[in-house]
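Per my numbering, residue 1 is the first one in the sequence shown, and the count goes up by one each step.
For the record, the hints were derived by calculation from the structure and aren't laboratory data. One or more of the hints may lead you astray.
As the list claims (entries may be wrong) - Label pairs and their calculated CB-CB ranges:
no.: 1; residue 1: A173; residue 2: S309; range: 25 to 35 Å
no.: 2; residue 1: D274; residue 2: R92; range: 29 to 39 Å
no.: 3; residue 1: D72; residue 2: D137; range: 26 to 36 Å
no.: 4; residue 1: F329; residue 2: S375; range: 19 to 29 Å
no.: 5; residue 1: D137; residue 2: Q396; range: 43 to 53 Å
no.: 6; residue 1: A48; residue 2: L238; range: 46 to 56 Å
no.: 7; residue 1: A48; residue 2: D120; range: 30 to 40 Å
no.: 8; residue 1: G32; residue 2: E73; range: 12 to 22 Å
no.: 9; residue 1: N267; residue 2: G32; range: 43 to 53 Å
no.: 10; residue 1: D342; residue 2: E256; range: 44 to 54 Å
no.: 11; residue 1: Y88; residue 2: P253; range: 40 to 50 Å
no.: 12; residue 1: G255; residue 2: V43; range: 39 to 49 Å
no.: 13; residue 1: A128; residue 2: E220; range: 42 to 52 Å
Each residue gets a CB set at the ideal place from its N, CA and C atoms; glycine is no exception.
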Amino acid sequence: MPRGICVLLLLLLCVPRAHAVLEIEITQGVEGGAPIAIVPWQVGPGEAHPAEDIAAIVSNDLYSTGLFSPVDENEFPQRATRAREINYQLWRNNGIENIVLGDVRANTMGGFDVQFQLLDAIRGRQLAGYSIPAETDDLRRVAHKISDLIFEELTGTPGAFSTRIAYISTQVADNGDNRYVLQIADYDGYNPVTIFTSDWPLLSPAWAPNGERIAYVSFENQRPEIYIQEIAGGNRSLAAGPTRLNSAPAWSPDGEQLALTRSENGNPDIFVLDLNSNLLTRLTDYSSIDTEPVWTPDGESVIFTSDRSGQPQLYRQSLSGGGPQRLTFEGSYNAGADVSPDGEQLAMVHGNGRGYQIATKDIDTGAVGILTNGSLDEGPSFAPNGSMILYATTYQGRGVLAAVSQDGRVSQRLRLQEGEVREPVWGPLP
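Can you make the complete structure from the sequences, with help from the hints?
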């Protein structure tokens with residue numbers, strides 16, 4: 001879908017209660033991940049179970065990547081809660097490769113000590129074990145941390161379960177007008193925090209690489225302008241001077257520059273803004289629309305959407321000069337790219353006459369894989385470890401967020417109880 005239509009749709013969104021938690025619903029699951037048994041966390045004698053179900057959070061985290069298949073508790077071959085009780089042969093015979101055991105106990109500080117062990121059922125040994133202190137209201141964070149540790153131990157790649165996402169929602173003010181809200185939340189939609197609220201549309205949030213600032217587009221002065229805002233302190237500043245159009249900010253990997261779409265003489269092109277000197281450098285100069293820039297991880301190129309061929313396609317422009325290189329040829333529409341953290345894959349909106357889905361493209365081989373089956377999926381954003389892709393879609397006539405594993409086997413939906421939410425972007429690793 002052309003960017004202008006996407007913007008128009010956003011302006012029509014309406015969400016009451018922008019502070020509401022995004023609800024998670026698994027919408028697709030395919031068996032094939034590594035079997036892992038996550039035993040419910042035990043509590044001390046006479047102690048009440050904490051409000052958060054740590055085992056359930058860890059199970060959902062690992063399952064969402066498509067790499068793991070948590071085993072139903074009813075299929076455990078034995079009721080063991082301690083490593084010394086484990087009969088590894090029984091678990092191996094049931095095809096279970098790894099076992100997670102844990103307990104949570106009240107400590108003398110009024111909080112909890114959360115412990116867990118990761119066991120290798122194939123080799124019959126412990127792979128990892130930790131004890132993590134937690135406050136009562138901090139157990140979800142600790143559960144995500146446990147998932148991170150397990151994921152890294154078993155894959156060699158850092159987990160992304162302790163990361164945050166940003167998105168735009170809209171609510172109805174008392175006078176009936178729309179109010180636009182930039183929010184951040186845990187990767188699974190919990191613990192939302194409002195960063196900025198405006199009576200004018202907000203678009204295109206983009207995380208700084210250190211996770212401390214967000215750039216976004218605001219229409220508060222009745223024209224699109226790019227602002228940068230500190231997450232902790234709330235200080236915000238204008239990043240690019242007024243023209244007919246400033247949009248689609250994208251941080252360079254070192255956090256020193258912004259690539260952006262800027263209109264001079266009525267034609268949108270890609271520019272790079274040095275945030276230290278405020279110097280603007282033009283990257284493209286063509287009569288077509290060039291927009292939606294994103295950096296490659298090495299910081300040497302920018303990938304962007306252009307209709308210079310007559311249809312929206314993706315191009316790569318080196319910062320060292322030369323002409324842009326066309327990257328996509330499959331289908332009539334390829335736009336809104338994000339680059340995987342290893343620089344090997346593109347996530348993009350792919351259209352072939354039957355709607356718009358999220359697809360990936362291997363930059364070296366050119367292979368394209370369709371990951372979703374919606375009619376209007378857009379805004380893909382890679383998890384900072386590349387394991388999942390966050391995107392916006394529609395469900396029952398309203399905008400929601402969704403995430404799909406990088407291989408497309410597992411997908412989940414994140415939605416507000418009422419209203420709509422759009423423009424998702426995944427933050428960096430903490």
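Okay, the hints, checked on the actual structure:
For A173 and S309, the Cβ-Cβ distance of about 43 Å falls outside the hinted range of 25 to 35 Å, so the restraint is violated. Under the hint 29 to 39 Å, the C-beta atoms of D274 and R92, about 58 Å apart, miss the expected range. Under the hint 26 to 36 Å, the C-beta atoms of D72 and D137, about 30 Å apart, fit the expected range. In this structure the hint that F329 and S375 lie 19 to 29 Å apart at CB holds, the actual value being about 23 Å.
The beta-carbon spacing between D137 and Q396, approximately 32 Å, falls outside the hinted interval of 43 to 53 Å. Taking 46 to 56 Å as the suggested C-beta distance range, the pair A48 and L238 conforms, at roughly 52 Å. Taking 30 to 40 Å as the suggested C-beta distance range, the pair A48 and D120 conforms, at roughly 32 Å. Checking the proposed 12 to 22 Å range against G32 and E73 shows it holds: the Cβ atoms sit about 20 Å from each other.
At about 48 Å, the CB distance of N267 to G32 agrees with the hint of 43 to 53 Å. For the hinted restraint 44 to 54 Å between D342 and E256, the CB-CB distance of approximately 22 Å leaves it violated. The supplied range of 40 to 50 Å is met by Y88 and P253, whose beta-carbon atoms lie about 44 Å from each other. For G255 paired with V43, a C-beta distance near 43 Å keeps the hint of 39 to 49 Å intact.
The given range of 42 to 52 Å is respected by A128 and E220, whose C-beta atoms sit roughly 49 Å from each other.
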